[in-house]
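Use the sequences and the hints to build the structure in full.
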Amino acid sequence: MNRYETVFIMTPVLSAEQVAETVEKYKAFLKEHKANIVHEEAWGLRKLAYPIQKKSTGFYQLLEFEAEASVVLPFETEFRRDERIIRFLSTRMDKHHVTYAESRRNKSKEAPAPAPETTEEA
9 MNRYETVFIM
19 TPVLSAEQVA
29 ETVEKYKAFL
39 KEHKANIVHE
49 EAWGLRKLAY
59 PIQKKSTGFY
69 QLLEFEAEAS
79 VVLPFETEFR
89 RDERIIRFLS
99 TRMDKHHVTY
109 AESRRNKSKE
119 APAPAPETTE
129 EA
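Add 8 to the 1-based position in the sequence shown for the working numbering, that's all there is to it.
What the hints contain is simulated information worked out from the structure, not anything from laboratory work.
This one's a predicted model, so the numbers in the text were calculated from it and none came from an experiment.
Worth double-checking, as some hints may not be accurate.
To be verified - The list that follows gives simulated cross-link-like pairs (lysine to aspartate or glutamate, EDC-like), each with its CA atoms no further than 16 Å apart:
1. K39 - E86
2. K33 - E76
3. K42 - E74
4. K35 - E13
5. K35 - E48
6. K39 - E91
7. K39 - E74
8. K35 - D90
9. K33 - D90
10. K62 - E86
11. K35 - E49
Printed below as a string of structure tokens:
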């Protein structure tokens with residue numbers, strides 16, 4: 009089994025429920041094809057580098073999963089058929105990419121919480 013990373017961008021006109029429903033649809037697709045979802049991140053609504061389909065923002069989502077190579081093509085075909093997806097990119101992760109991704113996740117988990125704001129009276 010190979011490890012893959014897929015980032016996809018959903019159209020900005022979706023509600024929070026529709027975004028969650030779309031993400032669950034693709035997670036269910038992976039589970040149905042015996043893939044193991046290693047990590048997922050919702051990056052939220054972000055500005056696009058350039059307009060895509062006359063839209064300047066989109067909801068970004070990252071899915072990292074382990075699967076057979078034969079799963080990737082039908083997975084990407086589902087993205088192409090879904091009008092809620094405006095862009096996607098899937099890459100196979102090599103051992104260095106896997107190590108980097110794990111260290112990045114651990115680093116973000118260990119990041120200290122911001123200090124509470126205090127007001128000083130003069």
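Each hint, compared with the structure:
no., hint, verdict
1, K39 - E86, "holds (14 Å)"
2, K33 - E76, "violated (19 Å)"
3, K42 - E74, "holds (9 Å)"
4, K35 - E13, "holds (13 Å)"
5, K35 - E48, "holds (9 Å)"
6, K39 - E91, "violated (22 Å)"
7, K39 - E74, "holds (10 Å)"
8, K35 - D90, "holds (14 Å)"
9, K33 - D90, "holds (11 Å)"
10, K62 - E86, "violated (22 Å)"
11, K35 - E49, "holds (12 Å)"
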